[in-house]
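Residue numbers (this note's numbering), protein chains in the order written: chain A, 1 to 404; chain B, 1001 to 1404.
Derived from the structure by calculation, the hints contain no laboratory data. Hints are not guaranteed to be accurate.
As the list claims (entries may be wrong) - With a straight-line Cα cutoff of 30 Å, these simulated DSS-like cross-link-like pairs (lysine-lysine) come out:
#: 1; chain 1: A; residue 1: Lys177; chain 2: B; residue 2: Lys1177
#: 2; chain 1: B; residue 1: Lys1035; chain 2: B; residue 2: Lys1360
#: 3; chain 1: B; residue 1: Lys1360; chain 2: A; residue 2: Lys266
#: 4; chain 1: A; residue 1: Lys10; chain 2: B; residue 2: Lys1035
#: 5; chain 1: B; residue 1: Lys1360; chain 2: A; residue 2: Lys10
#: 6; chain 1: A; residue 1: Lys266; chain 2: A; residue 2: Lys177
Claimed, not checked - Derived, one-sided and incomplete: chain B residues facing chain A with beta-carbon distance under 10 Å:
#: 7; residue: Ala1009
#: 8; residue: Thr1065
#: 9; residue: Lys1109
#: 10; residue: Ser1142
#: 11; residue: Gly1146
#: 12; residue: Tyr1148
#: 13; residue: Asn1152
#: 14; residue: Asn1209
#: 15; residue: Val1228
#: 16; residue: Asp1271
#: 17; residue: Asn1319
#: 18; residue: Val1323
Using N, Cα and C, we set each Cβ at its ideal position, and we do this for glycine too.
There are 2 protein chains.
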Amino acid sequence: MARVNENYAKLPGSYLFAEIARRTSAYAEAHPEAKLIKMGIGDVTRPLVPAVVEAMHAAVDDLATSERFHGYGPEQGYDFLREAIAQHDFRARGVEIAVDEIFVSDGAKSDCGNIGDILALDNVVAVCDPVYPVYVDSNAMSGRAGDYDAENERWTDIVYMPTTAENGFCPEFPAEKADVIYLCSPNNPTGTVLNREQLSAWVDYANENGSIIMFDAAYERFIVEEGVPHSIFEIPGARTCAIEFRSFSKTAGFTGARCGYTVVPKELERDGQSLNAMWNRRQTTKFNGASYVIQRGAAAIYTPEGARQIEETLEYYRNNARVIKEGLEAAGFEVYGAVNSPYVWCKTPEGVGSWEFFTKLLEEANVITTPGAGFGPHGEGYVRLTAFGDADATVEAVERIRAM
Amino acid sequence: MARVNENYAKLPGSYLFAEIARRTSAYAEAHPEAKLIKMGIGDVTRPLVPAVVEAMHAAVDDLATSERFHGYGPEQGYDFLREAIAQHDFRARGVEIAVDEIFVSDGAKSDCGNIGDILALDNVVAVCDPVYPVYVDSNAMSGRAGDYDAENERWTDIVYMPTTAENGFCPEFPAEKADVIYLCSPNNPTGTVLNREQLSAWVDYANENGSIIMFDAAYERFIVEEGVPHSIFEIPGARTCAIEFRSFSKTAGFTGARCGYTVVPKELERDGQSLNAMWNRRQTTKFNGASYVIQRGAAAIYTPEGARQIEETLEYYRNNARVIKEGLEAAGFEVYGAVNSPYVWCKTPEGVGSWEFFTKLLEEANVITTPGAGFGPHGEGYVRLTAFGDADATVEAVERIRAM
């Protein structure tokens, strides 16, 4: 008799966005005249830039001819893309990453979810609280999380590191030794960043303890402040303790096109094994490369034209973030993130829970947000707003909130 | 100290295609005048058909506009594609598959590799010998294969089912009870198919033993003979014991574009859990949907025009397969497969090993094949030839072999 992976039955439902949708449509039904503005989900809305569109069309035309047809590509990604990444995302910032340390994929969510394949099941995993749920759920599925304690909204074997205004949104080192540590900067959901000193301290901790840092830099392109690390590999010592995840989703509007990449340095070894070689084996066995068409599109963002064009789109979203932050602050709210990030993390008024504040914003401003509690217990007392919407709608949303 | 998945260190190198490439380039260097014809690797060469190209261009243009932009899509695939699949791949053949039993992905290799995520680690896995290596390697990585016995070229905990001319290329039921059974029809590498009676017997076995059949139907479109099942779900009882993998790679030339799908019926339950719900949870947690552009391209093969066009390409390859089969038979070889498959499985002459015959074909006919031994011990005594090449080159290759 075949048996299933028993860990799946332990997973609580993932009701956050479903519950938001339910409450929103109940309100919309009762108030058909209301013009709702969505600032809840972290999905982009601006079109692909012309350079990317042109490159994708050209790639489709390649596949339409015998002479330029591309069948199976390298599972690790085409060199035209990996070389552009090494040059522009790293060497241009003074970081040397070899082409064979870069693994192109169909997106950072796949890589964040699959990376556990190469790790032992008895590692102790630490995550920030609040947190992007994929880190936790993927480890729970493979059995590293223990059991779910519904009352405390926590897994028994996961180490949760509170990440709140009180500690400047930089988690403290856990009391227990953590083997695998997920860090995300710029952070989803808080929109805050780790500075060089904070990230260096984490790299030192990892090297001292033999831990591996899973560094999620999906929102890297939103960094505008000088001195904020764009990559963990800017930090000395990171090559022996870190894996970095990058995405074209927010960088270039690829949430629907699908492309990302993961950097696994060759110095990263545990139990005498090279994690670069292990990830290479995992990808060549269980993945067949990202689409040629999409990789050509991704490579176009590294041309001078493409780079300028995506910068315009990024600036559009950054401006939305500024509008939200300044508007909410003017309305008297305590606001975090937004500066180096498309996410605005807004403290709810004293004594108001995050679901309660979500409802208030929905009903009084017709603005849809995400309750912070949905990202973990320490997200309680906050809501997340995103800067990915239409610029005019963003201005109007802020005006409505100020008028509340 | 973080620890790695110890099973990776047990994996033998995957040297088959590397060794073929090494021997081939050594020969080419020594004989620069030789015109080598590649019939080794199972990758398509014909361009995407016009209907697919047009649909992909239109989809790229969608992403280039605010109004028709598509961000995150459903992780399970867009309904426009899932509905076309349900209608044309199943309902048109009298098989009812619900849209929410279809999970679109970036390819069958990913799905075959990842499906183990939802299964317990102590299941006994059975595979055919010879076999597509992904079934074995992905289970070895997760610890279901035990240890590798290099001398016998076998994993200690995998059940190998010889699949040879002697048993008509239909594996016998294993002596041990097998919990998870991988079947592939039309088969890679042998090119043979399971008929309705054979497949029914396997479905009955699985239902009696609570086993799950992983049915790989990636080459389904090559079936031309009446009565050969295109889907395991044509067999009564399969909905309680089978998962089916499909691919657009060979169907429509998507090896570089990347798209496939997996069918998990809602009746399939083990340990009181729905495998459909589990796979849905796996995909929504660790995958973010196939590219919108590529899904639009895939959907175009279900239009009358697209269907006619891919049929032309398929017929081009089928004709190559016929040319190879008839030519080799005329030359006195014993040949299997080829009829319902792009693969031709050719018995080596009495007493000649598969690597030896590979070398003979390389040196005397300048034709590159794949030695059967590369697919498992019972592939010894065969070579695989593929029908995915240029039609003229295929004719020439066969003439050269006949002239040997």
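**Request:** Hints the structure violates: just list their numbers, smallest first.
**Result:** Numbers 1, 3, 4, 5, 11, 12, 13, 15, 17 and 18 - these are the hints that the structure violates, sorted from lowest upward.
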